[in-house]
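**Q** Please model the complete structure; the sequences and the hints are all you need to start from.
What the sequence shown shows, in mature numbering (1 follows the signal peptide of the UniProt record, and there is no 0), is residues -35 to -1, 1 to 227, in sequence order.
Do not rely on the hints blindly, as some may be mistaken.
Here are the simulated SDA-like cross-link-like pairs (lysine to any residue), alpha carbons at most 25 Å apart as the crow flies [as the list claims (entries may be wrong)]:
#, residue 1, residue 2
1, 67, 145
2, 67, 33
3, 112, 61
4, 67, 44
5, 169, 51
6, 112, 140
7, 67, 114
8, 67, 53
9, 224, 170
10, 67, 100
11, 112, 123
12, 112, 125
13, 67, 39
14, 67, 26
15, 112, 58
16, 224, 162
17, 224, 74
18, 169, 130
19, 67, 32
20, 112, 69
21, 67, 95
22, 169, 8
23, 224, 81
24, 67, 134
25, 67, 38
26, 67, 202
27, 224, 165
28, 67, 37
29, 169, 49
30, 67, 49
31, 224, 153
Keep in mind that the hints were calculated from the coordinates and are not lab data.
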Amino acid sequence: MLNIKAHGGPRRWFAALTAGIAAVFSLSSCSIGQAETDMDIYHYDGYLNAQWGSTPEEVATQLQLVRSQWVRLEDDQLEGMPEGTFGYEIIRTTMMFGLYMKTELYFADTLEGAGEYIGLYAMKITFQEDPEYYSTSDLSLCDEDFKLNGDDAIEEFQARALYNRNVSYGTVTDEQGTWDTISWYCDNTIDTVDVNEETRDAAKAILSQVDGCLSGWGEYFSSVADDPLSSATIYYNNPDAESYIIFSGLPAAALRDAKETE
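**A** As C-alpha cells, this is what we get:
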C-alpha cells in the first residue's frame, strides 16, 4: 500500500480515496435473523451498517438517517473526484472519540465510464479539532486536547473489526504538514475472494478500466485492481490541520456491481 497525501489538489485527493483502500472499520455484522450481507459473504468490514455499492437511499436506511439528515454535495465540493461521482454530507450531529465530525459519502453510477452501477465507494470523516468550535456544555464530552488520538482510535476499531484485521503504520508529508497514518484492511482482494470466475472477471474488468482511466493521476496513485475489498486510513497528529479518515470500498462496490449484472 502507498501512503497517500490527501491534500494538495484534486489528483492527490482522489489518490487518497482510492489508494487509501488500505483500511476500513465496521461496528456491525450480520445479526441473527437478518439476511447475510456481502460483508458477511466476502469477509470484509464496512462503515457501520453502510454497504459498499449501495444507493444513497439504501445507505440512508442502513445508517438510519431521515431525509433531513443528509444533503447533496455541490459540484465544487467534488472537484477532482473521478467522472461520475456524486456525494452527500451527513448533517446529523455526531461525535466520535470526543470530537465532532463531518461525514461525506461518495457514490457513482459509472465511474470514469466503468461499471453499470458502482454505488457507494468511498467516505471521508473529518474531525473538528478547533477548541473554539465547542461550547462550554460540550467540554465534559470532548477529548481533552481536541486532537484525534490515532492509537486509541485504531484500538477501538480493531476491537470491533471482524475481517479488516490487518494494520499498518506510516508517515506522509504534504503542504499541510506531516501526518502519522494508520491503515487497516481485509485479506480478500478481487483475485482471492470466493466467487465464480464470471463474476471475478467482470469485477476485474471494471477495476481495470478505472485503473486505465486514472493511470496519469500522479505518483501517489497506486492501483485499485489489486487492493483489498475494503479499507481505511487515519491521517492524524498534524498540528496544522484537522485529522480525518478515508474509507474506501471500491473493489467491493465493483464486485457487487459485477454480481448484480451477471
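**Q** Each hint should be assessed against the structure and marked as holding or not.
**A** Going down the list of hints, with the structure as the test:
Using a Cα cut-off of 25 Å, the hinted pair residue 67 and residue 145 holds, with the two alpha carbons roughly 20 Å apart. Restraint check for residue 67 and residue 33: satisfied, since their Cα atoms lie roughly 15 Å apart, inside the 25 Å limit. Between residue 112 and residue 61 the CA atoms are separated by roughly 11 Å; this keeps the pair inside 25 Å, and the hint holds. Of the supplied pair hints, the one linking residue 67 and residue 44 holds, its CA atoms being roughly 18 Å apart against a limit of 25 Å.
Distance check on the hinted pair: residue 169 and residue 51 sit about 23 Å apart at the alpha-carbon level, within 25 Å; holds. Between the alpha carbons of residue 112 and residue 140 the distance comes to roughly 19 Å, so the proposed pair stays at or under 25 Å and holds. For the suggested pair residue 67 and residue 114, the alpha carbons sit about 17 Å apart, so the restraint of at most 25 Å is met. Proposed proximity of residue 67 and residue 53 is supported: the alpha carbons are some 11 Å apart, at most 25 Å.
Among the hinted pairs, residue 224 with residue 170 is consistent with the structure: their alpha-carbon atoms are about 13 Å apart, no more than 25 Å. The suggested pairing of residue 67 with residue 100 holds, with an alpha-carbon distance near 17 Å, which does not exceed 25 Å. With a CA separation close to 20 Å, the supplied pair residue 112 and residue 123 stays within the 25 Å bound. In summary, the hint linking residue 112 to residue 125 is supported, as the alpha carbons are separated by about 22 Å, within the 25 Å threshold.
Between residue 67 and residue 39 the alpha-carbon distance is near 15 Å, which keeps this suggested pair within the 25 Å criterion. With a C-alpha separation of about 19 Å, the suggested pair residue 67 and residue 26 falls inside the 25 Å cut-off, and the hint holds. A distance of roughly 18 Å separates the Cα atoms of residue 112 and residue 58; the hinted pair therefore holds under the 25 Å criterion. Restraint check for residue 224 and residue 162: the C-alpha separation of about 11 Å stays at or below 25 Å, so the hint holds.
Between residue 224 and residue 74, the direct Cα distance comes to roughly 15 Å. Compliance with the 25 Å bound is thereby established for this hinted pair. For the hint linking residue 169 to residue 130, the alpha-carbon distance of about 24 Å falls within 25 Å, and the restraint holds. Our distance criterion of 25 Å between C-alpha atoms is met by residue 67 and residue 32, whose separation comes to about 17 Å. Taking the CA atoms of residue 112 and residue 69, the gap is about 20 Å. The hint holds against a cut of 25 Å.
Proposed proximity of residue 67 and residue 95 is supported: the alpha carbons are some 13 Å apart, at most 25 Å. Taking the CA atoms of residue 169 and residue 8, the gap is near 18 Å; set against the 25 Å cutoff, the hint holds. Taking the CA atoms of residue 224 and residue 81, the gap is near 11 Å; set against the 25 Å cutoff, the hint holds. Distance check on the hinted pair: residue 67 and residue 134 sit about 24 Å apart at the alpha-carbon level, within 25 Å; holds.
Taking the CA atoms of residue 67 and residue 38, the gap is near 13 Å; set against the 25 Å cutoff, the hint holds. Restraint check for residue 67 and residue 202: the C-alpha separation of about 18 Å stays at or below 25 Å, so the hint holds. Simply put, residue 224 and residue 165 have alpha-carbon atoms about 9 Å apart, close enough for the 25 Å limit, and the pair holds. Distance restraint check for residue 67 and residue 37: the Cα-Cα separation of roughly 14 Å lies within the 25 Å cut-off, and the hinted pair is therefore satisfied.
At most 25 Å may separate the alpha-carbon atoms for a hinted pair to count; residue 169 and residue 49 meet this at roughly 19 Å. About 23 Å separates the Cα atoms of residue 67 and residue 49, which keeps this hinted pair within 25 Å; it holds. In summary, the hint linking residue 224 to residue 153 is supported, as the alpha carbons are separated by about 16 Å, within the 25 Å threshold.
In the structure shown, no violation is registered for any of the earlier numbered hints.
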